[in-house]
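Protein chains: 2
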Amino acid sequence: MATVDTMVEDIDFRRRWPGFDFRKLGRRLMTINLSDLAAMGATPRYALVSLALPRALSTWAIDRLYAGIAQQAQRFGCAIAGGDLSATRGPLTLTAAVFGDLPKGSRPLTRRGARAGWRIGVTGRLGSAAAGLKLLEGGRRPATPAERSWVRAQLEPVPRLEAAQILRRAGVRVAGDISDGLYREVEKIAEPAGLGAELWADELPIEASLGRCHGVAAWRLALFDSE
Amino acid sequence: MATVDTMVEDIDFRRRWPGFDFRKLGRRLMTINLSDLAAMGATPRYALVSLALPRALSTWAIDRLYAGIAQQAQRFGCAIAGGDLSATRGPLTLTAAVFGDLPKGSRPLTRRGARAGWRIGVTGRLGSAAAGLKLLEGGRRPATPAERSWVRAQLEPVPRLEAAQILRRAGVRVAGDISDGLYREVEKIAEPAGLGAELWADELPIEASLGRCHGVAAWRLALFDSE
Numbered sequence: 423m424a425t426v427d428t429m430v431e432d433i434d435f436r437r438r439w440p441g442f443d444f445r446k447l448g449r450r451l452m453t454i455n456l457s458d459l460a461a462m463g464a465t466p467r468y469a470l471v472s473l474a475l476p477r478a479l480s481t482w483a484i485d486r487l488y489a490g491i492a493q494q495a496q497r498f499g500c501a502i503a504g505g506d507l508s509a510t511r512g513p514l515t516l517t518a519a520v521f522g523d524l525p526k527g528s529r530p531l532t533r534r535g536a537r538a539g540w541r542i543g544v545t546g547r548l549g550s551a552a553a554g555l556k557l558l559e560g561g562r563r564p565a566t567p568a569e570r571s572w573v574r575a576q577l578e579p580v581p582r583l584e585a586a587q588i589l590r591r592a593g594v595r596v597a598g599d600i601s602d603g604l605y606r607e608v609e610k611i612a613e614p615a616g617l618g619a620e621l622w623a624d625e626l627p628i629e630a631s632l633g634r635c636h637g638v639a640a641w642r643l644a645l646f647d648s649e
Numbered sequence: 423m424a425t426v427d428t429m430v431e432d433i434d435f436r437r438r439w440p441g442f443d444f445r446k447l448g449r450r451l452m453t454i455n456l457s458d459l460a461a462m463g464a465t466p467r468y469a470l471v472s473l474a475l476p477r478a479l480s481t482w483a484i485d486r487l488y489a490g491i492a493q494q495a496q497r498f499g500c501a502i503a504g505g506d507l508s509a510t511r512g513p514l515t516l517t518a519a520v521f522g523d524l525p526k527g528s529r530p531l532t533r534r535g536a537r538a539g540w541r542i543g544v545t546g547r548l549g550s551a552a553a554g555l556k557l558l559e560g561g562r563r564p565a566t567p568a569e570r571s572w573v574r575a576q577l578e579p580v581p582r583l584e585a586a587q588i589l590r591r592a593g594v595r596v597a598g599d600i601s602d603g604l605y606r607e608v609e610k611i612a613e614p615a616g617l618g619a620e621l622w623a624d625e626l627p628i629e630a631s632l633g634r635c636h637g638v639a640a641w642r643l644a645l646f647d648s649e
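Chains as they are written, first to last, in my numbering: chain A, 423 to 649; chain B, 423 to 649.
The following block holds chain A by itself, in its conformation from the complex (with noise of 0.2 Å):
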């Protein structure tokens, strides 16, 4: 099982962000290539990262940058095995391939193969790293306890590989990852098995301390927003 996943400088991430750090990036370029490898069941081995640096970035960053990279890598067991270092005279872009196995004789978790009368469920609690992201590109420092557990959310997500293969030897065949958000991950399963799906917004297990954000109802950004 492979895959890979590309960052971009003020598409994916911004420098100026309050409370940004190198050593996070690199943490969260491994967060979401290992959140696609949980996604089908997977354990990480190896990684191949290649980075596409501006000349004027600092020693000091590229280092913080690879230690996060490397922190997150050996968290999950994964070895880097390989890269590349370009210069660019645009945004960082930084991309990881990650490679793992499945145990033998198990197959992997795919979107493929949904059918009439499934229930859909959903790990952890939605919606917060939404409201980290609408905190951070409104370019305010979060104040709260729970603020500063919604940027962590948006810049320092877990990758859930071990839910993952508790819900495969559980018997589940059928997942996807919600970066892309619930309601469009649940349309990727449904629509190409010919399904339609129902979901409840006042079922959603949406992150307590949300409550009202922004002026968004909360459940909005939990169906709606990537996580």
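Hints listed in this document are in silico derivations from the structure and should not be mistaken for laboratory results.
All figures in this text were calculated on a predicted structure; none of them were measured in a lab.
All C-beta atoms, glycine included, are put in the ideal place defined by N, C-alpha and C.
There may be inaccurate statements among the hints.
According to the in silico footprint, chain B covers these stretches of chain A (three or more CB under 8 Å from chain B) [as the list claims (entries may be wrong)]: (1) 423 to 434; (2) 468 to 477; (3) 494 to 506; (4) 517 to 525.
Label pairs and their in silico Cβ distance ranges [as the list claims (entries may be wrong)]: (5) A:R595 x B:D443: 39 to 45 Å; (6) B:R606 x A:A639: 56 to 62 Å; (7) B:D443 x A:A509: 54 to 60 Å; (8) B:R606 x A:R537: 53 to 59 Å; (9) B:R497 x A:D485: 51 to 57 Å.
Knowing the structure of chain A, use the given hints to seat chain B on it.
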């Protein structure tokens, strides 16, 4: 065996080069990675491709880019196993990761383990790609068959997968690719082994059509420039 490489617009290529074409660009993205694998004596199996593209890029251009990638991958027996597409406000930034394997029981070619007294060899004719780059950077369309062949060597290099496998079977153990130039590659092999190297400029297999090129002696291109 795995390898990853990134090409950045205005660093590794320019859209305003005479004869620039997105299909060739896609082929070249695969080639630089296939060449890295070749340098290890491995056979390519599958690839992941991650492209960061400006929103203004036409779907026509994107189609051609993917077509070039697919074409070159297929030509060398490599399956495109997945990918990622990102928006960027900066230059096109194209990354491919390629995975390959070695025949059972055989060892990869590496830069490690050179011994004193060994001979240094190189495959192919040197200098064309560098001469082609000089033409392109000068904004001049190639006018003669020789000039066209130099530009082709720059824009459409051929990965030396077969040469690498012949060398491996012949018992060669230490090798590298000369995408940073022959001089630099010999340095990368010799220095960690605590060795020096002698290269004879008049024995380099220089592309005959080069003669003297733009006032730079051909052997300087052959020795120091990227192939």
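Hints, one by one, checked against the model:
no., hint, verdict
1, 423 to 434, "holds (count 11)"
2, 468 to 477, "holds (count 6)"
3, 494 to 506, "holds (count 4)"
4, 517 to 525, "holds (count 3)"
5, A:R595 x B:D443: 39 to 45 Å, "holds (44 Å)"
6, B:R606 x A:A639: 56 to 62 Å, "holds (59 Å)"
7, B:D443 x A:A509: 54 to 60 Å, "violated (24 Å)"
8, B:R606 x A:R537: 53 to 59 Å, "holds (58 Å)"
9, B:R497 x A:D485: 51 to 57 Å, "violated (40 Å)"
Checked against the numbered hints given earlier, this structure breaks hints 7 and 9; the rest are met.
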